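Student: Spelled out, the chains give:
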Amino acid sequence: MTGASGAPGIGVADLRRRVPASVQTASSLRLDLTDWAARAGLSLEVTEAVVLAGYEALVNAVEHAYPDQDDDSVGLHATVAGRLVTITVTDWGRWREPPTDPGNRGRGLTLIHKLCTRAEITATDTGTTVAMTWQLDEIPGRDSPTAMRP
Amino acid sequence: MMSRMDPQPPIADGPANPSDPLVVAGVEQHGEALVVAIVGEIDALTAPQVVGALGDALAQRPRVVVADLSKVEFFASAGIAALVDAHQKAGESVEFRVVAAGSVTLRVLELTGVTGELAVFATREDALSG
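Protein chains in written order, with the numbering used here: chain A, 1316 to 1465; chain E, 498 to 627.
Hints were generated in silico from the structure; no laboratory data involved.
As the structure is a computational prediction, the values presented were derived from the model and not from experiment.
Do not rely on the hints blindly, as some may be mistaken.
Using 30 angstroms as the maximum straight-line C-alpha spacing, the simulated DSSO-like pairs for lysine-lysine come out as follows [stated by the list, open to error]:
1. E:Lys586 / E:Lys568
2. A:Lys1429 / E:Lys568
3. E:Lys586 / A:Lys1429
Please take these sequences and the hints and turn them into a complete structure.
Tutor: Rendered as structure tokens:
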């Protein structure tokens, strides 16, 4: 692919996947997303944020969207247009509100919101879409003290 | 036994598919401390191996257990849950410490607020000297 040269995203094809939802496929889609981010020429920081937030959304769909449904698939779409990266994770199950005890799922959602410029969760009776965008000129979380490395 | 001086990491159950993400946990004894050095990627698929390795170390009831994440290349919320689980298992009698630095691990711990709950150190030397 030619995306690594010049501006991010020039010439990189969208990543589109729809697979049976499982912890295994979530990990495999995570690697697909990492490869796509490299082809798109995204910086290390944006790549880390995109892959982690995308993965947390996938795991959320896998673990919580299908209590008793037949359509158990999960979809992933990654695209970059101009300075905007958009990762969308879709499931066709029923959204369940996070438990009041934050626990692990609460942390996953916290990461999704903190890692991207904007996260939008749309839940309907027929499924849930988590759309995450990154404005490439800003790096969310950069103001955190982690920027200091040893 | 898990405790060993040998730096060669023993493998927790490896994934059947070689393309799957891989995590390896090696255990070393340093005085009264057991260091569980985790190498690889901690996601929802591999986190149970980390829970197992930390649980085995804690079950020996050393004075200190250190989870060294210096060589972790991917760290998801399932990894945080594994650390919180170990912290709870450690209770009063074992000190549970974490080595994390940089964007992959420390930043994720900070973004989720668990740095206030866990004892996090920048290097293994810092963690061992407490």
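Student: For every hint, state whether the structure bears it out.
Tutor: Consistency of the hints with the structure:
1. E:Lys586 / E:Lys568: Between Lys586 (chain E) and Lys568 (chain E) the Cα gap is close to 24 angstroms, so the pair holds against 30 angstroms.
2. A:Lys1429 / E:Lys568: Roughly 24 angstroms between the alpha carbons, so the hint for Lys1429 (chain A) and Lys568 (chain E) holds.
3. E:Lys586 / A:Lys1429: holds, 29 angstroms
In summary, this structure violates none of the numbered hints.
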